[in-house]
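**Student:** Heads up: the sequence lines are chains A and B, in that order. According to this note's numbering, the first sequence is numbered sequentially starting from 1. According to this note's numbering, the second sequence is numbered sequentially starting from 387.
In case anyone wonders, no lab produced these hints; they're calculated from the structure. The model shown is predicted, which means the values in this text are computed figures rather than measured ones. One or more of the hints may lead you astray.
Residues of chain A clear of chain B, computed beta-carbon distances all greater than 10 Å [stated by the list, open to error]:
| # | residue |
| --- | --- |
| 1 | Ala26 |
| 2 | Phe102 |
| 3 | Tyr145 |
| 4 | Ala201 |
| 5 | Val289 |
| 6 | Ala371 |
So the derived label-pair ranges between C-beta atoms look like this [to be verified]:
| # | chain 1 | residue 1 | chain 2 | residue 2 | range |
| --- | --- | --- | --- | --- | --- |
| 7 | A | Arg299 | B | Leu434 | 41 to 47 Å |
| 8 | A | Ala363 | B | Val462 | 32 to 38 Å |
| 9 | B | Thr770 | A | Ala56 | 41 to 47 Å |
| 10 | A | Glu131 | B | Gly588 | 54 to 60 Å |
| 11 | A | Lys123 | B | Thr770 | 29 to 35 Å |
Chain B is nowhere near these chain A residues, computed Cβ spacing over 10 Å in every case [stated by the list, open to error]:
| # | residue |
| --- | --- |
| 12 | Arg3 |
| 13 | Trp4 |
| 14 | Ser6 |
| 15 | Cys43 |
| 16 | Ala125 |
| 17 | Arg208 |
| 18 | His229 |
| 19 | Thr278 |
| 20 | Thr298 |
| 21 | Leu304 |
| 22 | Ala351 |
| 23 | Gly355 |
Virtual Cβ for every residue (Gly too), placed ideally from N, Cα, C.
Chain residues, written in single-letter form:
Number of protein chains: 2
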Amino acid sequence: MARWASMGERSKRELLVARAFLGAVAEPPAPALARFVTEYGPCRAVGLIQREKAPADVTAEVEARRWHVSGEQLLVAAEAAGVRLVVPEAPEWPREAFDGLFGARSVDLPGIAEPIALWVRGKAALAEAAEQAVAIVGARAATGYGEHVAAEFGHGLATAGFTVASGAAYGIDGAAHRGALAAGGLTVAFLACGVDVDYPAGHGRLLRAIAEQGAVVSEYPLGTPPRKHRFLVRNRLIASFGSATVVVEAGARSGAANTAHTADALGRPVLAVPGPVTSKNSVGCHGMVRSGQAVLVTRTQEVLEALSPLGAQLPVEIPAQSRRTDALHPDARRLHDALTGIDCASADELARDSGLPLGKVRALLPELELAGFVARTERGWSMTGS
Amino acid sequence: MARWASMGERSKRELLVARAFLGAVAEPPAPALARFVTEYGPCRAVGLIQREKAPADVTAEVEARRWHVSGEQLLVAAEAAGVRLVVPEAPEWPREAFDGLFGARSVDLPGIAEPIALWVRGKAALAEAAEQAVAIVGARAATGYGEHVAAEFGHGLATAGFTVASGAAYGIDGAAHRGALAAGGLTVAFLACGVDVDYPAGHGRLLRAIAEQGAVVSEYPLGTPPRKHRFLVRNRLIASFGSATVVVEAGARSGAANTAHTADALGRPVLAVPGPVTSKNSVGCHGMVRSGQAVLVTRTQEVLEALSPLGAQLPVEIPAQSRRTDALHPDARRLHDALTGIDCASADELARDSGLPLGKVRALLPELELAGFVARTERGWSMTGS
Numbered sequence: 001m002a003r004w005a006s007m008g009e010r011s012k013r014e015l016l017v018a019r020a021f022l023g024a025v026a027e028p029p030a031p032a033l034a035r036f037v038t039e040y041g042p043c044r045a046v047g048l049i050q051r052e053k054a055p056a057d058v059t060a061e062v063e064a065r066r067w068h069v070s071g072e073q074l075l076v077a078a079e080a081a082g083v084r085l086v087v088p089e090a091p092e093w094p095r096e097a098f099d100g101l102f103g104a105r106s107v108d109l110p111g112i113a114e115p116i117a118l119w120v121r122g123k124a125a126l127a128e129a130a131e132q133a134v135a136i137v138g139a140r141a142a143t144g145y146g147e148h149v150a151a152e153f154g155h156g157l158a159t160a161g162f163t164v165a166s167g168a169a170y171g172i173d174g175a176a177h178r179g180a181l182a183a184g185g186l187t188v189a190f191l192a193c194g195v196d197v198d199y200p201a202g203h204g205r206l207l208r209a210i211a212e213q214g215a216v217v218s219e220y221p222l223g224t225p226p227r228k229h230r231f232l233v234r235n236r237l238i239a240s241f242g243s244a245t246v247v248v249e250a251g252a253r254s255g256a257a258n259t260a261h262t263a264d265a266l267g268r269p270v271l272a273v274p275g276p277v278t279s280k281n282s283v284g285c286h287g288m289v290r291s292g293q294a295v296l297v298t299r300t301q302e303v304l305e306a307l308s309p310l311g312a313q314l315p316v317e318i319p320a321q322s323r324r325t326d327a328l329h330p331d332a333r334r335l336h337d338a339l340t341g342i343d344c345a346s347a348d349e350l351a352r353d354s355g356l357p358l359g360k361v362r363a364l365l366p367e368l369e370l371a372g373f374v375a376r377t378e379r380g381w382s383m384t385g386s
Numbered sequence: 387m388a389r390w391a392s393m394g395e396r397s398k399r400e401l402l403v404a405r406a407f408l409g410a411v412a413e414p415p416a417p418a419l420a421r422f423v424t425e426y427g428p429c430r431a432v433g434l435i436q437r438e439k440a441p442a443d444v445t446a447e448v449e450a451r452r453w454h455v456s457g458e459q460l461l462v463a464a465e466a467a468g469v470r471l472v473v474p475e476a477p478e479w480p481r482e483a484f485d486g487l488f489g490a491r492s493v494d495l496p497g498i499a500e501p502i503a504l505w506v507r508g509k510a511a512l513a514e515a516a517e518q519a520v521a522i523v524g525a526r527a528a529t530g531y532g533e534h535v536a537a538e539f540g541h542g543l544a545t546a547g548f549t550v551a552s553g554a555a556y557g558i559d560g561a562a563h564r565g566a567l568a569a570g571g572l573t574v575a576f577l578a579c580g581v582d583v584d585y586p587a588g589h590g591r592l593l594r595a596i597a598e599q600g601a602v603v604s605e606y607p608l609g610t611p612p613r614k615h616r617f618l619v620r621n622r623l624i625a626s627f628g629s630a631t632v633v634v635e636a637g638a639r640s641g642a643a644n645t646a647h648t649a650d651a652l653g654r655p656v657l658a659v660p661g662p663v664t665s666k667n668s669v670g671c672h673g674m675v676r677s678g679q680a681v682l683v684t685r686t687q688e689v690l691e692a693l694s695p696l697g698a699q700l701p702v703e704i705p706a707q708s709r710r711t712d713a714l715h716p717d718a719r720r721l722h723d724a725l726t727g728i729d730c731a732s733a734d735e736l737a738r739d740s741g742l743p744l745g746k747v748r749a750l751l752p753e754l755e756l757a758g759f760v761a762r763t764e765r766g767w768s769m770t771g772s
């Protein structure tokens, strides 16, 4: 594979046309085609396919569209629409993100394969956006709670310098993108249709905002409509683009659970946000935590800990309010307790009530007095109003 | 230690008087006294204390109250109030439940020790109630969500034949007891004050209902007022009485977290119920799951799984709705997808759209037709309204 910088404009163009063709000629994921392209390179692969010299498994993937796809036409139409094709040979290709998919071709994810090329609308460079990225996914029919939390995570991760990857769907996806946009951060939407298709219909404005500040990405050529199976296929891109996947609300069976499964299979941490056990939308998240597939997270800081190589060693930090009596020795606290709710008492009475030896009570009372916890009165010891 | 059945009435009375004295003469937990009683037996221990022959560590625990406690008087007053003293020598003593505390004296729980005797109001026999018991604990200032879930778990566990142990506090405790009562099950309340003290004040009726159907239990003699440190001390009884402890809502620092810590140190499973990450009341539960101290649970069934010796091997069962297309082969589903949202199409068009080879499309369409998914029309294939 020639280095991009040393390639002539003509070679680059030839490569783009070849990959535009290859990305469209088979329905992704096309593992046989992906292997074939790796082996022969994109230009030779195109030639072999068009001369009907490709092996049978590749032919099965491409035969239905072989005579209906023009890489050149796809590229010209995209360029006219301000959409570029990013290919594995180009510096913008997020190599590390998708190398996992490349390697995972043979693992337990049926039909998984790396993308052959990606159509990109937007100003962010994919490789840079992928350097520090987290996927946030979840239910479309999210609750107000789920959307609030997704927006918080999106905002928090973007503020911490992370790109938020998601699928631009209603519910959790949209809230996560919006949170990142509101923070002025990077966010990337992976679509199950062409990047010029406003899907879902109500997210046209959101998709334009994502393109202006980040990127809208798809394997599918312009104009490709979404199909059910394309969402599942698209999910592998989200899972592999993020160094970790945060699931905010997921039903018992959901696309988010599918993305989480892929992330897990790729060895990326899966993080799940809990919710009320009475909410159907959290059943998936809780199941992932129970099965050990996901780590429970409640705030951005915990996502960052999961991403840090030392994450596992960080203590679980629970913000706690300290009480004034915390600093007291247990015996002193017990003595202090004994004065609760009563007017005053003698040292003798306090010893009996607390069960502490009288000598200890006599020694502790002046200490508590000095510290301002108790006061000596004419009728005995009493608590100061704290 | 003589067997209870073979003891004469006088010996039994002597033993009860001795343990009534020992339970009151030191503020629990009194580890030196507990060890001393184990070594010498209760009657000899009383004699040695009253003749000022006890070792220094025991004396430190008992000296403040030594001359102010009468076991006989405590017992007579309790009997008049319909309260009995349950001692380790008696068959009603829940041996297995408290053996853990006995053994844990020396572990990392400062000052932990088994109870010397327990005052019981109520009709349930402790040993039987302890055979299958689960503790449910949580925040006093619970949310409506927390109380709802606690009542559900209380009801579900009682229905499954488990005794619900808790602390009769406002919030989670009360809801758990009420859930068990509503199921007609057994429930035991462990108090941080005498069993005749209505604490909290608003739970007088609840405590009477618990006594009628289960038991109200305390280490403290009648009339003992609650004190802050007594709640923490009492918590060890709840933690050791349950084979597992379920935490429903707990703030960052809470009595429930303390009970959970004790259960954990005793080797009993700790189970935590998640909630909204936006709720301060669930911070403790989430923290326990994150640190590995607790297993996340969302319903009664999952508590039962944790208690079963095979629990760890049970698959995580997520109730899922099945869809009609689930049974289809992925290729058939892809073909079915291609017909979504369009009127009708030819086999050729469907092959291009789905990317499936034309031969496969031609073979699959009649199968889908037979299964009722698609129909042949004059203008091509179309989806049936399903």
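**Student:** All hints are to be evaluated individually against the structure, with a verdict given for each.
**Tutor:** Hint check:
| no. | hint | verdict |
| --- | --- | --- |
| 1 | Ala26 | violated (6 Å) |
| 2 | Phe102 | holds (21 Å) |
| 3 | Tyr145 | violated (6 Å) |
| 4 | Ala201 | holds (12 Å) |
| 5 | Val289 | violated (5 Å) |
| 6 | Ala371 | holds (17 Å) |
| 7 | A/Arg299 x B/Leu434: 41 to 47 Å | violated (57 Å) |
| 8 | A/Ala363 x B/Val462: 32 to 38 Å | holds (36 Å) |
| 9 | B/Thr770 x A/Ala56: 41 to 47 Å | violated (34 Å) |
| 10 | A/Glu131 x B/Gly588: 54 to 60 Å | holds (58 Å) |
| 11 | A/Lys123 x B/Thr770: 29 to 35 Å | violated (45 Å) |
| 12 | Arg3 | holds (32 Å) |
| 13 | Trp4 | holds (29 Å) |
| 14 | Ser6 | holds (35 Å) |
| 15 | Cys43 | holds (22 Å) |
| 16 | Ala125 | holds (30 Å) |
| 17 | Arg208 | holds (24 Å) |
| 18 | His229 | violated (5 Å) |
| 19 | Thr278 | violated (7 Å) |
| 20 | Thr298 | violated (4 Å) |
| 21 | Leu304 | holds (14 Å) |
| 22 | Ala351 | violated (4 Å) |
| 23 | Gly355 | violated (3 Å) |
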